[in-house]
Amino acid sequence: MAYAYLFKYIIIGDTGVGKSCLLLQFTDKRFQPVHDLTIGVEFGARMITIDGKQIKLQIWDTAGQEAFRSITRSYYRGAAGALLVYDITRRDTFNHLTTWLEDARQHSNSNMVIMLIGNKSDLESRREVKKEEGEAFAREHGLVFMETSAKTAANVEEAFINTAKEIYEKIQEGVFDINNEANGIKIGPQHSTAGGASGAGGAGAGGAAGGGCC
Amino acid sequence: MLSRFSDVLQTAADVLAPPATRLEDFEYHWKMILNFYQNYDENNKLHVEETRIPHHLHQMLQLIVDEEKEQQGGTVGPCMEAIVQRSICLLDALCALAAAERPPGARALALTTGTALLRRTRQPCVNSAHVYRPLQRMLIQCNENPASPTEKEEVELLLTLCGLVRKEPGLANIFTTPFVEDKSTLLSIPEDIQKLIPIRSKIQTPKKNPLFEVELPPNPLRNVSIIRTGKDDCNATSSSSADDNASCKSQKTVYDDNDKFLLIDLLLSYLNSADNQVVLRACEGIMIVSSLPEDDIANLVTSCSPACETIVHKLAAKYRAIPANVDPSDVDHLNITWAYVAQDFGDKSYSKFHGYRDLTSFFSWLDYCDTLMKECHPIIASHLSRTFRQNFLEGAAESGLTDLHHAVLVTAILAKCLKVIDSPDLINEFSNWLVGEGEVSEWPLLLALVNNCLTDNHDLTLETLRFFETIIEKGTEHSIRRVVLARVAARGYCAAPPAADDDERDRLNDLSIGREREYNREAMKQLQHEDHVNEQITDILAHEGLEPGLRPGDDNIHRVINSFLLLLPRAILSDPVGADYEHYIHDAHRRYQYWLDATSTFNWPADYNGVDTTASSTHSYDSRPEADIHLDEAFEPIKLEQKDPKQFSQRLVLRSRDLTSQSSQNEEEFDEGIFFKMIFKLLANMPSQPYQVNLHLTSIISQLALLPHPNLHEYLLNPMLPTAKKTPTLFKTLQEVARRLTMEIPRLRNYKKIIENTRLWLMSEDPSYDENADHNQLVESLIVLEEFCKELAAIAFVKYQHTLHMQRPQCGLKLFE
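One line per chain: the protein sequences are A and B, in this order.
Number 214 marks the last residue of the first sequence (the working numbering); no jumps.
Number 1031 marks the last residue of the second sequence (the working numbering); no jumps.
Isolated chain A, as found in the complex (with noise of 0.2 Å):
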């Protein structure tokens, strides 16, 4: 099917927090209460759309066991946005998140949107996270931040839309260059015209411009 843009996506987060049942819920449309452990990388895809404009999504659901981080690595470089998933009814996966900020940001780049998760928001009984910490820590990290529930399909469309809404006016922008696919994001196949090849030379700013070492 045709798409204007293409975005890939990835989820991280602690084992168990519920990054499996979230891309399921959002491309699927159900929940799975008993689900498979994640080893490597599972992928699932869908069409959204945002100002009239067919956006594909591509989603890597990663494994969030320490075991697999070396797999999970290679999946930052090239994506264009992240959901970052934590648990609300257990601290530590809350703790952890900013060795996985840490991570991503290391190994990603730069323009690459987080979108901080409080997943199982339908256990209010057992929350152990306050809604204001993941707040405070988004807003701290610079993140945008939503507390969603994969059982109740609570808030899933909109974190994975909001996440590409934010993408796409990081491209109106012009943060991002379209035309890098290490950025994760492609032109769809009617769109791809107009981008031809353009860096021909750095002109003008004679040798700085050639190097660019860094």
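Treat the hints as calculated values from the structure; they're not laboratory data.
Since the structure is predicted, the reported quantities are computational estimates derived from the model, not experimental observations.
Take these hints with a grain of salt, some might be off.
[Claimed, not checked] Within a straight-line C-alpha distance of at most 16 Å, the following computed EDC-like cross-link-like pairs (lysine to aspartate or glutamate) qualify:
1. A:56 to B:558
2. B:588 to A:103
3. B:381 to A:66
Given the coordinates of chain A, assemble chain B onto it according to the supplied hints.
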């Protein structure tokens, strides 16, 4: 009332016929499966999904998951115990189902059920022979048919086992020689199972399976395990079959030639799948196992499996598959991440230009190799990088660099390879391949590259210069020494100073202009221009707090900057105002910081080395005002001044004349080496070379000028450096070019207008300009040179500024006296 009544009824019913226990349920489903197969009609064409088999298997799985939730302290519940004891041989049955593929679809079902059992339970008891043997058998039997329709399920099960091994490394033992049974056992179904499930296996004897090319020993040493786990995990399960517990066997560290690591071997066989998702899974599995911290497993991977060789062989094959007529300029724009390519390849529109898919396939595999090397055990990384050099660089790529028909594309691809790799091992091997090791003075490959720069083929020159740019950007201490520093390390370029105290300006500017200066209006303008440039420099220096007269060094930096900025006479400048110094300073600052970080671990001197580089030579300090500082610090345990390469200084620039005495004894003619010879030759030839070549050439030189090495710094950035007449330097070469341009450009008709237009075009970065035939190479080279001078001035300034910041205030003053 009613509910109370039904409760009573239920209680009564429970007394008469208590509800089935979980184990009874488990046995019930098991019997239903066996019943199905006892009555199975081979002619039945029903798909397995249309039978009750999936339901019963699912229920059995669910019972195991449920019972595990109630188990305390790591014990195993009765259902799992039944499997471990083989009183219910579920896994053997799955293996038989997979082998028979009856009813159709049974194999995929058996594989996914096995995978689900391993992934859904916290303790799948893989240690137990009654669990791992059927799994092994299933994997090997399925693997007999390459490109089978169940590849996905097979590799998924393998990956799951990798995941378990990652969490409990001792489990790797069940995939090594002593535990992998001989071929005939692995390819047959145990007799009791054949009776329980009486269907004929579809698996035939293997035709040619590499897994069995090595004959396994007839009597495997049952009590030897290759992986030592450090901790005793025998008691991890309550399994009574402890003597089969794989991770508890005694140890063995010497490998036989016949030793195999089945897990990796199986994974490797899926790398050739046509399904990218399957390949991706196999890649993930290899990465998971390779990244284990256990030395034993790393040794197994390198010694008992062809993993590294297979991976590099695949890279070489993908390299060879790149069509020879790919446009080299397409190569540089690729940005490939291995993990995402599997998905992208499914997209049929995934082709942007000729050869795109082949290039993508190659570079994504390179990215995988690179990522694997970053993540894996150091033993594997070093083996893999050596294999990479031998089997890819030397075996596949090297000959292409000297093959005139392919050299341009090969150079472009190799330059891109070096540019994208990130693993230190790989960068090291790559660099050593390029520059050579040991004391070989002229490494053939480096010589070949230098010669490629000097051909008449501008495309080859351009691509090779790009390659050199990357070689320097990705430089290791060794490679930078070999390519760049080898000849300047002894300061052989220094010579007796020329006749002293000649007017700086006369020396720097063309003499003919000096003569004309008195007569014409242009000379007035030139003078005004020089004043203007001087003012600008003073402004910039003042802005940075470096006012002339405040420190003697500031006057010197003023002269250095002046030399570069006044190299070309005003009359032919395209931008006499020079408004973008700030931009160059900003850029130089950023890049210099990069180099300081990148070379922070290099053992580079903080101060220039004279002819004597040994610590014993102290005489070189004698003539220096700062000698006292060094001597004081010599008695301290850490000599910051000398150890910190960031602390190099520009003292030489400032005091070059005092220092020449010490190296003037070097009477021999200075040989700048093949690399600098090439650079200076191309530089001198700037007016006759295409714009792009000049752009990359100056970019290389500016990178070199940024390197925080004192000798290289003075050799490139000190216009006042006293040298022998024949010794080529950057500044002398630039003067030569400037002289030629000053002579030739005014001869062009309407040259001012041409200069103005060319500048506008170049600045507009209009791609149509490249195709436009109306180029004036001469004027283009003028503009490159003009901007290059600004850049060099900015670099000199930024490095000077940095030196000042690094020095303590009281010290700083002293050093520049």
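How the hints compare with the structure:
The hinted pair formed by residue 56 of chain A and residue 558 of chain B meets the criterion: a straight-line CA distance of about 13 Å does not exceed 16 Å. In summary, the hint linking residue 588 of chain B to residue 103 of chain A is supported, as the alpha carbons are separated by about 15 Å, within the 16 Å threshold. For a cut-off of 16 Å, the pair hint linking residue 381 of chain B to residue 66 of chain A stands: about 9 Å separates their Cα positions.
Hint check: no violations occur; every hint is consistent with the structure.
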